[in-house]
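Full structure from sequences and hints, please.
Protein chains: 4
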Amino acid sequence: MLFYSDNTAPVHPKVMEAIRAADAVDFAYDADALSQALDARFSEWFEREVAVIWMSTGTAANALALSLYCPPYGGILTHDNAHVVVDECGAVELQTGGARLLGCPASGGTLNPSALRTRIDSLGKGVHHTRPFAVSLTNATEYGRVYTRAQLEDIGTLCRTEGLALHVDGARFANALAHQNCAPAELSWRAGVDVLSLGFTKNGAMNAEAVILFDPARADEARRRRKRAGHLLSKGRYIAAQLHAMLEDDLWLANARKANAAAAALVPAVGDRLLHPVEANELFLSLSADEMAHLRAQGFGFHELESGVARFVTSWHQEVADVAPLASALAAL
Amino acid sequence: MLFYSDNTAPVHPKVMEAIRAADAVDFAYDADALSQALDARFSEWFEREVAVIWMSTGTAANALALSLYCPPYGGILTHDNAHVVVDECGAVELQTGGARLLGCPASGGTLNPSALRTRIDSLGKGVHHTRPFAVSLTNATEYGRVYTRAQLEDIGTLCRTEGLALHVDGARFANALAHQNCAPAELSWRAGVDVLSLGFTKNGAMNAEAVILFDPARADEARRRRKRAGHLLSKGRYIAAQLHAMLEDDLWLANARKANAAAAALVPAVGDRLLHPVEANELFLSLSADEMAHLRAQGFGFHELESGVARFVTSWHQEVADVAPLASALAAL
Amino acid sequence: MLFYSDNTAPVHPKVMEAIRAADAVDFAYDADALSQALDARFSEWFEREVAVIWMSTGTAANALALSLYCPPYGGILTHDNAHVVVDECGAVELQTGGARLLGCPASGGTLNPSALRTRIDSLGKGVHHTRPFAVSLTNATEYGRVYTRAQLEDIGTLCRTEGLALHVDGARFANALAHQNCAPAELSWRAGVDVLSLGFTKNGAMNAEAVILFDPARADEARRRRKRAGHLLSKGRYIAAQLHAMLEDDLWLANARKANAAAAALVPAVGDRLLHPVEANELFLSLSADEMAHLRAQGFGFHELESGVARFVTSWHQEVADVAPLASALAAL
Amino acid sequence: MLFYSDNTAPVHPKVMEAIRAADAVDFAYDADALSQALDARFSEWFEREVAVIWMSTGTAANALALSLYCPPYGGILTHDNAHVVVDECGAVELQTGGARLLGCPASGGTLNPSALRTRIDSLGKGVHHTRPFAVSLTNATEYGRVYTRAQLEDIGTLCRTEGLALHVDGARFANALAHQNCAPAELSWRAGVDVLSLGFTKNGAMNAEAVILFDPARADEARRRRKRAGHLLSKGRYIAAQLHAMLEDDLWLANARKANAAAAALVPAVGDRLLHPVEANELFLSLSADEMAHLRAQGFGFHELESGVARFVTSWHQEVADVAPLASALAAL
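Residue numbers (numbering that gives the first Met the number 0), protein chains in the order written: chain R, 0 to 332; chain U, 0 to 332; chain C, 0 to 332; chain Z, 0 to 332.
There's no promise every hint is true.
Since the list gives no way to pick out one identical chain from another, each pair is judged satisfied if it fits inside one copy or across any two copies.
[To be verified] Heads up, simulated SDA-like pairs for lysine to any residue below, C-alpha to C-alpha not over 20 Å straight-line:
1) K13 / L246
2) K124 / H302
3) K13 / R40
4) K124 / R159
5) K13 / A23
6) K124 / P70
7) K124 / R310
8) K124 / S4
9) K124 / E161
10) K124 / E303
11) K124 / G162
12) K124 / R217
13) K124 / D219
Simulated from the structure, these hints should not be mistaken for lab results.
Now the structure itself:
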């Protein structure tokens, strides 16, 4: 059983059905009716007017989003181990034309105004120095933590004060919403978020993400940058269909709840091995090399993030019962 | 009936079936068995060792391919109206870090050594001037022409002489092969091609293309550039599955033949309106504004490329019988 | 005697004296008094508030100026043989992050609204296509022509209508002013120019140019981009001193008049060999290979631009009497 | 008296004389005899064949040097507070097309194999992660330390083992050589250095630096990149002349010794305020705000690097006697 990533999960049957339903002669790129309907659909979901730029990967979504808010000579405040820093091979640098990621230490991958303020103050203000133009945070974080609304709002306030844009890498935004049990608006624009990378792939879609622009005036630039990045799919209807399917009957929420529940179900088995509170669908455990080997010998797949630290990710397709074998194996260590 | 582009066609049922068959828990990115098997599969198809970099758009494939062969301070010889020049919003400039596209006039979009030589000779050799590092040609061309093997070989020879890499934009490579009725190797490496953007989307796939590296030593760089460009799909198995399906039982060939046949079936109806010989699946017709309006009123969709010039593209899903209404309408003008 | 370029001329004694006068302990970069005084000095010269960004090369000035007005996904309309196109090795592409130069045919290197309009209309408007954001013209042109105020205003009007910024490559702006015998404002912002690359090197300075921003609000970005481009000199006072010296007692004008007069003095000797009217300090002559060889054998240095076309450039240090030997040699051909 | 930077110093009289001596009609760019002679002159100086690319700033030299060795998707190991990181506004990112600077902690700005190894090991090896291609170190360091030959060789050995290029930012290379009292070859290629940014501006030149390529085969690319960056001066002879003058009769060494001696002369006055050993021409002192204000009131100019830390830089034009007033003032605190 694979716990490497929620990307190992299959596609949800309702998403696959939507893909099949879209399989007909239609206009190319994003001129089809499904793509054209996205702005309205997500504006309703977010309770305000938004523009939706579908994308096929989260890396591309993050880089595109940040390229709209940070010039080549600027910098982006983020945490030291953010996905944009360590897992995207310089995609932000490519799309921004060479802007710099300015890492801040952040326990659990959770930024806070104090750490941001310290980093901002460390930066010179003259022309010799990279000035920050944006903050990028991840919610749920790379360590499975979820920002509270108050935490987000505090960062949003700092951003307004400092003239910084606020980007959220929401590869697991649904898991964060499910944990907070609140509306999408609460963890986004109402807290001061300007642009959101909204992930669906990890939550049951095939390869479908979106950049949500809370300032729709930037949509034309975003669409040109998407094309320039080679991300305007020729047959866009197959990705648009997935986004609609994920919103239909709150499939996104049901899936995220299942993934979160599966992770939560593992917690009682791990005791004080747990390195971060489990608020979404990831567990980080302190395990020895022997223990890891023992688990692998039983067929469990997972990543060793660094020496002695293992990451387990649950997904929408796993019922609590499905992860019981892992719970048992962990408890038996 | 839509003749705007072969991108308006649906996905071939066998491709859709392959996608469904791949729908299971599996390794992420390109660590799944289907992705891992691509190099071997295509090496057999091309009769030599190649590396396969799956991509989701042709624009991304072209830009990635060229970024491997042209430095930021270099130039790429191509024809004035090549897709990379007029339809990709500067994707090549983005991926190469600012290399320049050096257009050459080319009737029917078909480059030839003489036109290339003239353009090369027009470029200064000193450090002030952009030097060419590659030639990019499109086959079948943007005007539905197909290069003969001799034409390709002549360009390949020029490239070797001048130290230029040779890239082929093969968005409609299958249509070209079907027309020439020859093996993939003949229109690629045997003629001197270094790197090929191999299209499947227009020929029945969902959003699936590939960069074929005839120099597999460049694969590591290509894979890093793919990730950096945000094109490493999280669930790569759904794209790898399509590439396998297209090769299975020569589905690619059957599809391309159908598209070409549908285009050929329209030729008798158009008389001297035809602006370029029909060798693949596109027709370019001289039509007045009134004539275009008349056709549109009958439900035919097509692009007006420039004043008085209309483009009709057929696709794999159209039998000759399917395009008969258009043939009649054209004949009746 | 060298007529390759006005860059072959020495530094004017008054400029050298200004450099020596600046040779003292002082603040680094542009914090010295001479650099700090440039905005005020040039604001007076231009009869409006401007910001001055000193630069050491015209190539760097052009690329910086255009990077302020054209995003990476945009294009810049210019003539086919503009210096930015053929003589700067892609500097504009580097500084803009990959914007595209959109060449227009232009006899004598002189753009006009009709040619610009035709080029604009040839460009698609959708996201697939590079959209223009600026026009870049050269005055005096690369062929020694000078725009009239009316010609400039017509282009300025087009730019306003189309929402395009207007940049002037003024490597020989002084020669143009001297020819038109008008104030700097007339050939710049009063005609609709947004940003000017103002050259002094060819007119008697050592390696000193400036970007003149008629919108001083862009100065902060320009200064950051200058630093990022490695063009913020550590000892900026030595370049600032030159700009002041060039304005002092209208040295710029005296120098440009001398260069123009030297060129004009050659005209009677060349008859119908002359390919472009001489309005600044360059002559383009139709000469056979034998004639060129004959001139070279007599010690005259000049560039052969293309087969049968020779360029002769005069400079501020040449009196009419100094070029008499060349006049005689040309007349004797 | 200004101790902000060695950039505040004037130009050495012999350099100014060389500039005047070069002031004549000559070939443009780097076609003049002085520029053409640089390769041979510096090859002798370095005791092996090198190629010399003159540049006008250290920032430009660093960025150009690194662009030759690190692709856009790569990274450059350096220390957290290196000039390329904190004082160049992203110049490396611009010239490399978006490569990443990978900071390592380094006391005194002095890298060591252990810190580099730790950083390398922290980087993932897959396509998701930025891979290092080069190490960039500064000698003398930004904190006035000088690498021993053994220290350099150890880093050079690590670079060879790991397949990394080794770049030295030698803005104060002369000060390092003067301190070590060794030949230029010892602190460069013999220790494994591939490319050196060789500074002269801080040591008595006007705005003159050089990139020294120990692999001359890269010279053509370097020269094209210099032009593209707008750094090919039109009148290059005025910069080439300076480089020759600095080597003549070892002016570089005399100047560096004077600057180092002036710094050393301050040491006895500062007691345990000294934060780093003084090996070149910089002192870093622990001073309270009141103490700094007191010094400034006496006319001493210096930078406060961070709260409580002041930097004093001496220069070639200061005799030991010249800095005595500062020594007295510091001793009196």
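Now for the hints, and whether the structure bears them out:
1. Taking the shortest Cα distances, K13 and L246 sit within 20 Å of each other inside one copy (11 Å), while across copies they are farther apart (28 Å).
2. For a Cα distance limit of 20 Å, the shortest separation of K124 from H302 across copies, 14 Å, qualifies, whereas the shortest one inside one copy, 41 Å, does not.
3. Proximity of K13 to R40 under the C-alpha cut-off of 20 Å is restricted to the intra-copy arrangement: shortest distance 18 Å within a copy versus 32 Å between copies.
4. Only within a single protomer do K124 and R159 lie at most 20 Å apart by alpha-carbon distance; the minimum there is 18 Å, versus 35 Å between protomers.
5. For the identical chains of this complex, K13 and A23 are neighbours both inside a copy (18 Å) and across copies (14 Å), given an alpha-carbon limit of 20 Å.
6. Taking CA atoms no more than 20 Å apart as the test, K124 paired with P70 passes inside one copy only; the shortest distance there is 16 Å, against 24 Å between copies.
7. For the homomeric pair K124 and R310, the shortest alpha-carbon distance between copies (18 Å) is at most 20 Å, but the shortest distance inside one copy (39 Å) is not.
8. Taking the shortest Cα distances, K124 and S4 sit within 20 Å of each other only across copies (18 Å), while inside one copy they are farther apart (41 Å).
9. Proximity of K124 and E161 under a CA criterion of 20 Å is satisfied intra-copy only: 13 Å inside one chain copy versus 36 Å between copies.
10. For a Cα distance limit of 20 Å, the shortest separation of K124 from E303 across copies, 14 Å, qualifies, whereas the shortest one inside one copy, 40 Å, does not.
11. Taking identical chains as interchangeable, the C-alpha atoms of K124 and G162 lie at most 20 Å apart only when both belong to the same chain, with a minimum of 14 Å there against 33 Å between chains.
12. Within a single copy, K124 and R217 get their C-alpha atoms only as close as 27 Å, which misses the 20 Å cut-off; across copies the closest is 17 Å, which meets it.
13. Only between protomers do K124 and D219 lie at most 20 Å apart by alpha-carbon distance; the minimum there is 11 Å, versus 32 Å within a single protomer.
Going through the hint list in order, the structure satisfies each hint without exception.
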